[in-house]
Structures are given as structure tokens and as C-alpha cells.
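Participant: Using the hints, build the complex out of the two chains.
Listed below are the residues making up each chain.
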Amino acid sequence: MTAPAATAGPPGGTESSAARSAGRAGIRERTLRTDRWWIPPLVTAVGLAAWVLYALVRTAMQKYYWVDKYGYLTPFYSPCLTQSCVEGAAHFGRPLPKFPPLVPFGIVALPFLLGFRLTCYYYRKAYYRAFWLSPPACAVAEPHAKYTGETRFPLILQNIHRYFFYAAAIISVINTYDAIEALHGAQGFRLGLGNLILIGNVIALWAYTISCHSCRHIAGGRLKHFSKHPVRYWMWTQISKLNARHMQLAWLTLGTLAFTDAYIALVASGTLSDLRFIH
Amino acid sequence: MTYKAEFRVWRSAGANTSDGALVDYTVEVNEGEVVLDIIHRLQATQAGDLAVRWNCKAGKCGSCSAEVNGKPRLLCMTRMSTFGEDEVITVTPLRAFPVIRDLVTDVSYNYTKARQIPAFTPPAGVAPGEYRMQQIDVERSQEFRKCIECFLCQNTCHVVRDHEENKPAFAGPRFFIRAAELDMHPLDAREDRKDFAQREQGMGMCNITKCCTEVCPEHIKITDNAIIPMKERVVDTKYDPLVWLGSKIFRRS
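Top line first, the protein sequences correspond to chains A and B. Start counting the first sequence at 32; every next residue gets the next number (the working numbering). Start counting the second sequence at -14; every next residue gets the next number (the working numbering).
So here's chain B without its partners, still in its complex pose (with noise of 0.2 Å):
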């Protein structure tokens, strides 16, 4: 079924809008389409300039992440079929992120985050071809590598969302995804993870509000298995004393 659908879309300041605004269009669309089909159809008919990042259209290469109606999402996998035909859907940029232009967002301090990690360390001796592991002891960082870096995480986590200051401070859920794939890696050797997720990556600033998981595209289970384990690893090493009693008494590390 085609109709004409009320769409707001942000512009940049230099568009049609001398600081930046909701921009006002009616669009058609057709069945089965998604939000990012319907943005393209604005390029091509009515706003040439308008500026989108997409790549895969499959929800798997994490390019084209925005806000449709307030919610942090793909526009690749956000279906029309989900809203009224009456509904007016408003399209924005990552709101944690600064504007490029339009919906692009500069998605950089995701990048200098992940640089700051320490890179898989294998036990000293092992080359690469000859590592081995169980399934078991690995199945549980292998659901971290489902991550395809859409940064909606990190965009709708309140911690840098709603306070810009804390940016330096804080690495935000994919990267603490990142800390416990490598923390409960069976090959990774290094044991100061731990201490880094709390000292480097502002793990304690995290209060488990579950933002992340709940905009995950992948389904990942960010809060539950990777930020609250790795804080009850670091309560492990810093916070209690049973533990680090045993660990002196055992010579354990």
C-alpha cells in the first residue's frame, strides 16, 4: 500500500536552515519499505543535499545509526509497518555525537576509546596458528564479537549523552563489551584488565541503567554479561577483602 507519509528530518545549518532545524516533508511509501528507503527517496526527489551515512541496507555493517521519533536506531531496520500512516516520523542525527551534517555524525571518540585498549595478548610462546581453546571457555566473549560498531550504545548511554564533560572519563558500553571479551578471553594473558576498566574506562561510572541493552540491534546482553561481570571482577581485585585475602593466602593471582 502506498501512501504519503509526514516526515521531519534534521538539517544542518547551511541546508535550507541558517542554524540548524526539523526540516518538514511528505514523502510516499510503499510496502515493506524501511526508514532509510524513505530517506533516500527524499534525496532523490526532494532534498538532493541531504547527507545520510548507509552502506550494507542489512543491519550488519552499523553505518546508518540516527534517531527516529527520539529512539536511537538502524534506519536500515526500522520498518515503516511499525508506525500509523497518520504518525509524523522525525529523523535525527546520534544526539551524543557532533553533526558533520545532517544525520552524519562524527563518531571519533569511539575511535580514540577503542585505541586506548590494550590488544589481545596471547601466553608468551604462542604463536598465532597455534592457539587453542574449548568452546566452552570462549562461547562467552564470542557474543561480544557480534558487535557491528553502530555506536547506539554509546549514543543513548546517559553517562556521555547528557554530559559531554564526562567523555574523557568514560569509555561507554561497546567498550566495556570490549574489556570483558578480552578479561574472559581463555587465551588473553594480560591481568590487568580489570584494573583498566576501572582506572582508564570509567567502569564505576556506569550505573547499570541498561540503555545500552536495551538499543542493542545486535541483542546483545551488554549490561547483564559483559559491565556487570567485569564489575564484579573489579570488585574481585579492589573491593574485597575475602578475595584478596585467599589470594595471598593461595598465591593466587
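Isolated chain A (complex conformation) (with noise of 0.2 Å):
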């Protein structure tokens, strides 16, 4: 009376040969799970690769990046240190030269937000399940015959994850002075639309920073006696609240990053006029 198994999903394949051996269970199928669990990596994948996508194409465009009427500069130009930047753009002077074309402006920040994020404990987990399939899904065998995690280059790097976050939060005194900067009109305080996302996002990628896993630790749980220490136990308690949250933020930043540069984008080509509150 031996029913045939149903492997659950796509894709296919066996298990590893190594899995097979020492006495374990001779189960050929690669996993015995029914349920969809080909779903959330599907999806991490096309979200992560789209929003990567948007990011190349909208960073190597060098244009409506700035909304002078409104001081709206997007946060994937800042800071705009480069010759080639509009003046009004560049809030902390232009000391490089001239970009030839396709260069991103805001060159000096990206390598390092994007550093914040490679390393980043939450995305480590989705790019690893996604795109390494390493494993696709609990209980579901990985493709790859050798396996040595973080313990070799270049993966032993992403022990270096706390210094880019100390980089992302200068980028972020940097995000925030862009979007209090730009409720500074002529005529003193001004509000539109376009200043709410910017703060939105702002707030959102704060809170994304903070509660980063190395924040974390820095902040207070490194400390053996937190009794000791009563002002960073409390940090620590606050921050770990934040970090509970911190997949749903990463997603959240990634959304305002690009909703805030594209309307950005469209305001600036003249696509799209921004709702105004105050002057």
C-alpha cells in the first residue's frame, strides 16, 4: 500500500547526498512540506529585484532629483556633492568634480546604504532564501553540495555590519537636514504634500536605522549587568520593541525611499504639481 510522495511545489530536485547518509531516513523527496512555501521567496525576490531595478535606473538618470521651487531634493541625490549638481541641490557645497554621464550624484552615500543594508541581519536572511535558496524554506533542502555560512570571505564581511550602520545614521542627520530644510521657503515656513512624504520617510527611515541588530547591541546588549547601567538597559528595551519590527521596516523604507524619490521625479519633470498647504 505505498503511495507515491508528492514533492510539494516547484522547483523539483532531491535532496543532498550528504542529507541521505548516516542512517537517516531514506527520503528521496526534497521536502514533504503541502503548503506553498515557494511563495515568500518568490516574492522577497521580484520585490527586492524591482525595487534594485528602480534604484539603478532612477540614481543613473541625473535629472529630476530636485524640485527647486520647493527645495525637494530625492534622498537617492543626497548629499549632492558634485560639480554636475544643480546649486540649490547641493546643501553641503559641490567639492567634486563634474559626473560624466550614469555616475549616480549621490555616489559618496550609496556604497555605504547599500552596505547597511547587504549586511543588514533581516536582508541577509531574505537574499539568502531568495536568491542563494540557501535553504528556499525551512524543511525544504538547499541546492548547493558545500556549505561554509559566514566563516570564509566574502561573507565573513558581514561582520562589518555595525560600522555601516554608523554610516547610515550620519546619512540619516543628512536625510533629515534635507527634509527640514526644505519646509525653509523665501517667504519663511512653506508646507506642500511633497514635505509630508519627505518627512514620512525621514521618520521611517529612523526608525529603520534604529532598530538596526547592531544598534541594538551597541545601545545596551552587549552589557553583562544591565542593573549597572540603568539609562542604556533602557534604550536597550526600547530599541528591542523597534527591533521586533525590523523586517517590516526594511520593507517600509524601501516603499518611502521609492514613493518619496518618485514623486519627487514627477514633480520635478513637471509631470505632477505638488499639493500645497502653506505658501
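Some hints could be false.
Label-pair ranges, simulated between beta-carbon atoms [claimed, not checked]: (1) A:P132 / B:P103: 57 to 63 Å; (2) A:T207 / B:G110: 49 to 55 Å; (3) B:K233 / A:R263: 34 to 40 Å; (4) B:Q119 / A:S304: 56 to 62 Å; (5) A:I187 / B:P113: 36 to 42 Å; (6) A:I191 / B:C46: 39 to 45 Å; (7) B:E72 / A:A53: 27 to 33 Å; (8) A:P71 / B:S66: 22 to 28 Å.
Derived pair list, reagent style EDC-like, types lysine to aspartate or glutamate, alpha-carbon separation capped at 20 Å [unchecked claim]: (9) A:K272 / B:D209; (10) A:K255 / B:D209; (11) A:K177 / B:E150; (12) B:K223 / A:E181; (13) A:K94 / A:E118; (14) A:K255 / B:E199; (15) A:K255 / B:D221; (16) A:K255 / B:D177; (17) A:K255 / B:E128; (18) A:K255 / B:E124; (19) A:K255 / B:D225; (20) A:K259 / B:D209; (21) A:K272 / B:E124; (22) A:K259 / B:E124; (23) A:K272 / B:D122; (24) B:K152 / A:E181; (25) A:K156 / B:E199; (26) A:K255 / B:D122; (27) A:K272 / B:E199.
Cβ-to-Cβ under 10 Å is the rule here; a few derived chain A residues that face chain B [what the hints assert, rightly or not]: (28) R67; (29) W68; (30) W69; (31) T90; (32) Q93; (33) C169; (34) Y178; (35) T179; (36) T182; (37) F257.
Calculated directly from the structure, the hints in this document are not laboratory data. Idealized CB from N, CA, C, for every residue including glycine.
Facilitator: Next up, the structure:
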């Protein structure tokens, strides 16, 4: 009465020979899961790939990054430090020479932001599962014959996450400055929908940055005796609450970044007119 | 409501098959039952020689770990009401460990790893009975004391599940929470636990894909509260030049 075993969902394949060895149950299927386990990694892969593609196109565009009338600067081009940059958008001067085509104006900050997200403990889980299939889902065999984890170059570099966190915190300060600067017009305080979007994005960025596991460790996690450090214990407690939402914040900020940039691009190109509340 | 369910249960060589196979059974299911109840009914009615390890039937002894429809679960905590009446339910032993018979696996790998961890070490001069600590200092470690040693996390972790050859070098999530429990303990005086976690337990092999946390029946936040904090502590001692410099300048350990 032995029934043929059903393999759940694509992709197929069988488990590795290592897994079949050592007296284990000789089950040939890669997994016996019957749920659609392949959906979360697929959604992650599509979501991340779409975002990276959008960011690549937008950063290489070298235009529609600044709305002079309302002082909106997209976070993808901040800080704008090149001679190629429109003068008003360069909040911190233009010490760098003109950039050739396709080179992102925000090149000074972008590698650090990319590094922060690449080494982030949440994104690591996301891309190890979605792109490297290591593993694609829990209790689903991975396709690789060998595995050394994060013990060797280049993945051992994941250990410098905290330095990218420091850099990301500085860049969040710059983004905050950009958002506040946009509120000051020639006639004083001004407010439009774009300002609200910029401020919302900055709040989300701070929430994501502060909820970082390295930040949680630095703030208090590394201590042995919380009772001797009440302020750091309080900070650790608050960051721990945010940290439990790190995945949601990671996706939220991808959304707010792309949305903020798209809104500013549409206003800058004249496709959309900004909804103004004050001036 | 009583109904007949279709079960496929892994039987080792020598039971009904020559080299181990999934065997079909049709078995009665009553309202409120869990998978372990059905396995027991199989033993009582159709397969008297079916081997299954169990003890408390309350999700606290960690004995009845197995895989139900491919997911690592406690048999006694998996309600039949979570499945459709027409669903075929597949029960297999833990796939990362050698099978002793049917659903019973040899989990001695875990005991070997447990023995390798240096025991709790109080400061010199503090005798048992003199331990005093504050609740906020010890509460992080207490989360990890909830572990019932069902080894579902060990079984699910792809580092050993998919790579038998990694077993000598990798201790697994259950023992990373033990490492974190001791390293965070306010009265543990050993200072080499981070080094041990990296060198002897193979913490660097973990790629934090969180399956251990997903399957934990005690809902211990294994990855967020133990593995990642331990990885960060290893970074403090191994990879962070600023912390290293600070410890030299201020002579802190």
C-alpha cells in the first residue's frame, strides 16, 4: 500500500546525498511540505529585484532629483556633492568635479547605504533564502553541495555591519537636514504634500536604522549587568521593541524611499504639481 | 466529529518494507485529537510494532518531535483540526538524525554538543547558595531556559540538515542559545564564551535564516535574542578594531 510521495511545489529536485547518508530516513523528496513554501522567497526575490532595478535607473538618470521651487531633494541624490549637481540641491557644497553620464550624484552615500542593507541581519535572511536558496524555505533542501556559512571571505565581511550602521546614521542625519531645509522658503515656513512625504520617509528611515540589531547591541545588548546601566537598559528595551519589527521596517523604508523619489521625480519633471498647504 | 483520515507514516526497514518507506493507513480521527493520538491509534489497531517516542503529551518534554507534512513539529501539539478531512497527512521522523526505528531517531549528536560547552562558572569565592542577582540582569538568560530540548531547531537548521559533513564543526541553534544564556548570565565568570562560540561551536556557519525560530514550540526568539547578539559579541572581540582599541586603552575586558 505504499503510495507515491508527492513533492510540494516547484522547483523539484531531490535532497543532497549528504542528507541521505548517516542512517537517516531515506526519503528522496527534497521536502514533504504540502503548503506553498515557495511563495515567500519568490515574493522577496521579485520585490528586491524590482526595487534595485528602480534604484539603478533613477540614480543613473542624473535628472528630476530636485524641485527648486519647493526645495525638494530626493534621498537617492543626497548629499549632492558634485559640480554636476544643481546649486540649490547641494546643501553641503560641491567639492567633487563634474560626473560623467550614468554615475550617481549620490555616489558618496550610496555605497554605505547599500552596505548597510546588504549586511543587515534581516536582508541577509531575505536574500540567502530568495536568491541563494540556502535554504529556500524551512525544511526544504538547498541545492548546494557544500556550505561554509559566513566563515570565509567574502561573507565574513558581514561582521562589519556595525560600521555601515554608523554610516547609515550619519546619512539619516543628512536626509533629516534635507527634509527640514525644504520647509524653509523665501517667505518663511512652507508646507506641501512633498514635505509630508519627505518627513514621513525620514521618520521611517530613522525607525529602520535604530531598529538595527547592531544598534541594539551597541546601545545595551553587549552589557552583562543591565542594573548597573539604567539609561542604556532603557535604550536597549526601546530598541528591542523596534527591533522586533526590523523586517517590516526594512520593507517599509524600501517603499517610502521609492515613493519619495518617484513623487519628487514626477514633480520635478512637471508631470505632477505639488499639493501646497502653506506657501 | 469522527472521520477516517489518510495517513502516510515512515516505516523503517524490517517492518513492512525492505529498506524503509512511507506506508499508507486509513485511521479514525475524533474531535479534539492531535497527531500523536492518531499514531497511538495506529499502534493499537493496525501497526502494533510502530515505534514512536513520546512522554508528556503536553508539549513540555520534547520527546515526540517528528515531521508532519514536511514540517518539523511536536506530534502532541499538532492538532488534527488544522488539517482538512480529505488531506493526506504524512508523518516522518526528524530528517537530520539517524533513524533508530520508524519515527524514533538517534539524537545523540545533540548530547555530544551539549557536553562540549563549559559549565556555568560562578565567580571565585561565590559558593552555591550565595548566588545573588537582579531580575533585569538575568531575564535575558531566562528566556533560553524555556528550551525543552525537542531538537526541532537542530533538525530544521539547514547547516546540518542538508550537510551531514558540517556536524563536527557546528553545534546548532539549541547550543547557541545555551552559549548566549551563559555569556549573558550575570554570575557567569568565564570570559572565553564568545571565542568558544566562534571557534568550537561554529557560530559563523549560521546564516541567520531563522528556521530555528520558526519551528521553536516554546517561541524562543533564538535568532534575534541569542544568535545575533552572540554574533555581535563575537564581532566585539574578533572583528571590531574600535572595541579592541577601547579595551586596550581603558584596560577593560
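Participant: Next, verify each hint and record whether it holds.
Facilitator: Status of each hint after checking the structure:
no. : hint                        : result
1   : A:P132 / B:P103: 57 to 63 Å : holds, 60 Å
2   : A:T207 / B:G110: 49 to 55 Å : holds, 51 Å
3   : B:K233 / A:R263: 34 to 40 Å : violated, 22 Å
4   : B:Q119 / A:S304: 56 to 62 Å : holds, 60 Å
5   : A:I187 / B:P113: 36 to 42 Å : holds, 41 Å
6   : A:I191 / B:C46: 39 to 45 Å  : holds, 43 Å
7   : B:E72 / A:A53: 27 to 33 Å   : holds, 31 Å
8   : A:P71 / B:S66: 22 to 28 Å   : holds, 25 Å
9   : A:K272 / B:D209             : holds, 12 Å
10  : A:K255 / B:D209             : holds, 17 Å
11  : A:K177 / B:E150             : holds, 9 Å
12  : B:K223 / A:E181             : holds, 14 Å
13  : A:K94 / A:E118              : holds, 13 Å
14  : A:K255 / B:E199             : violated, 27 Å
15  : A:K255 / B:D221             : holds, 14 Å
16  : A:K255 / B:D177             : holds, 14 Å
17  : A:K255 / B:E128             : holds, 15 Å
18  : A:K255 / B:E124             : holds, 11 Å
19  : A:K255 / B:D225             : holds, 19 Å
20  : A:K259 / B:D209             : violated, 23 Å
21  : A:K272 / B:E124             : holds, 16 Å
22  : A:K259 / B:E124             : holds, 15 Å
23  : A:K272 / B:D122             : holds, 18 Å
24  : B:K152 / A:E181             : holds, 16 Å
25  : A:K156 / B:E199             : holds, 13 Å
26  : A:K255 / B:D122             : holds, 7 Å
27  : A:K272 / B:E199             : holds, 19 Å
28  : R67                         : violated, 12 Å
29  : W68                         : holds, 8 Å
30  : W69                         : violated, 13 Å
31  : T90                         : violated, 29 Å
32  : Q93                         : violated, 36 Å
33  : C169                        : holds, 4 Å
34  : Y178                        : holds, 5 Å
35  : T179                        : holds, 7 Å
36  : T182                        : holds, 4 Å
37  : F257                        : holds, 5 Å
In this structure, the hints that do not hold are numbers 3, 14, 20, 28, 30, 31 and 32, in rising order.
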